[in-house]
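Student: Using the sequences provided together with the hints, build the complete structure.
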Amino acid sequence: MLELARLSKTYADGTHALADITLDVRESEIVSLVGGSGCGKTTLLRLIAGLDRPSAGEIRLDGERLSEPSPAVGIVFQEPRLLPWLTVADNVGFGLSGLAAGERRGRVAHALERVGLSEHARRWPRELSGGQQQRVAIARAFVTEPKVQLLDEPFSALDAFTRASLHEHLLGLWEESRPTVLLVTHDVQEAVTLADRAVVMQPKPGRIFDEQSLHLARPRDRLSPAFESATRRVLSTLDNSLKPAHLARPERGREAAALWW
Amino acid sequence: MADIAAPAEAQPETRAGAPSAAFPVAPGLKWALGLLLPLGLALGWELAVRAGLAEGRLMPPPSRIAETLYALARGGELWAHLWATIWRVAVGFVVGSLAGIVLGALSGTSATARHLLDPTLQALRAIPSLAWVPLFILWLGIFEASKVTLIAVGAFFPVYLGIAGAILSVDRKLVEVGRVFRLSRLDLARRILLPAVLPEAIVSLRSGLGLCFMFVVAAEFMGASEGLGYLLVDGQQLGKPDQILAAIIAFAVVGQIADMLLVAATRPLVRWQDVARDRL
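From first to last, the protein sequence lines are chains A and B. Heads up: the first sequence begins at 0 in numbering that gives the first Met the number 0, then just goes up one per residue. Heads up: the second sequence begins at 0 in numbering that gives the first Met the number 0, then just goes up one per residue.
Calculated from the structure, these hints are not laboratory results. Take these hints with a grain of salt, some might be off.
Over 10 Å on every C-beta distance to chain A, these chain B residues come out as not near it, computed from the model [stated by the list, open to error]: (1) Leu28; (2) Ser62; (3) Thr108; (4) Phe135; (5) Gly164; (6) Glu175; (7) Pro194.
One side of the interface only, derived from the structure: several residues of chain A facing chain B at Cβ under 7 Å [what the hints assert, rightly or not]: (8) Tyr10; (9) Leu50; (10) Pro68; (11) Ile74; (12) Arg80; (13) Pro83; (14) Gly94; (15) Trp123.
Note that beta-carbon positions come from the ideal geometry of N, C-alpha and C, so glycine has one too.
Tutor: See the structure below:
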């Protein structure tokens, strides 16, 4: 289980990025963090990945405290971040340097097959399209089989077709080792397609507003009524989170004024 | 490299009818086009001198320069001079660029080293390198040591600046990939920093090599008994413009070959690079 306990992050320049985040994620659960830009979703993932340190609070994985990059935590960034001087296969195997060459090759080949890029193994990253590059990045993160997989809007720069096929690749990879997944997205459809639970976040400072569980059968049919109602539930939670308190109050004030007259 | 260049080259051709489509077709034509101007000028000058339109004493015609070059080569003199110059450049370049690589890497990777070294080196860089000549001669004598030192100084600064700058500008995002996979400091340097700085490092080595050729002339002006630079001075003092031009041509050829060798030797290291054309 991944536990986030009262996490806060204030940057050196005084930006209050995250306030008091408490969240428990069960093993093998897929949780998506939804929210507009600036609500600290990326910051949260960076804290869990150990790339930044929290100002307060702590992160525990199966009871053990995480404070720096750990082999149990993998991350896929918003951009592919492939190393341009390594071939596709070497990029996928980048985190496997501790393994014997034979086993490394086998796991890389398998991961590439899962993302449908076997025939591109010997190519340079620059010869691939954006979607293919992101698939390589996903394979690189999953091939080390971490317990927790963090995905930071990995599909945001891609078109709808590519995105849908990447969702399938992602679920296929997830099925193999069933890691705990934390997926940041600003796309409600994507959250409902992939996640067991959608956590809606609010900006300034970033905090958790509410959550919706999405217990739909897999594979999910985007056109089913259940999918639609789940989407609607998340959207309305998102809407509520975007209604700032100081805007809601004048409304009530005007109503009161109307009653008065 | 050829397979990479192919798509970029092919593109203009597919735009049928565009006037540019006629040009980049055959590489042979490109060569011919590049040679047209110098060959035309040389031929024109040759004809003008032959026809008596120009005197050609201070600006000898190509045939005379060729004759001089041939005579120097046949007598073995040319090779001795070439060898002296190449040896000086090679030693100076290796020493200077090694120092530049080591200090540049230090200054790029460690903030302490940067604060310690960089101000001094930047101040030294502001001194025109030729200003060192009298001091080097006093310290090291008029023979090889002072010449090689001057050439090494010429190679040092562009390499130092290039390496330190390249390391400092390595993409933070790629460094984070290394951190996520928990690379040690050494592995981070070896697997991320080194390959990331290679393209810029090679460009700085090339400009360092170019400066070496500039400085070897200066070094050989200050009292050498052999070397292409000596041929230049000798040609001036004895009034032999054809010898000066022969030496200049030899410099051009040697410099070009040295640069091509450097590029060819380092090309396998950067064949992953996403650039349409080789940088200059």
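Student: Which hints, by number, does the structure contradict?
Tutor: 6, 7 and 8
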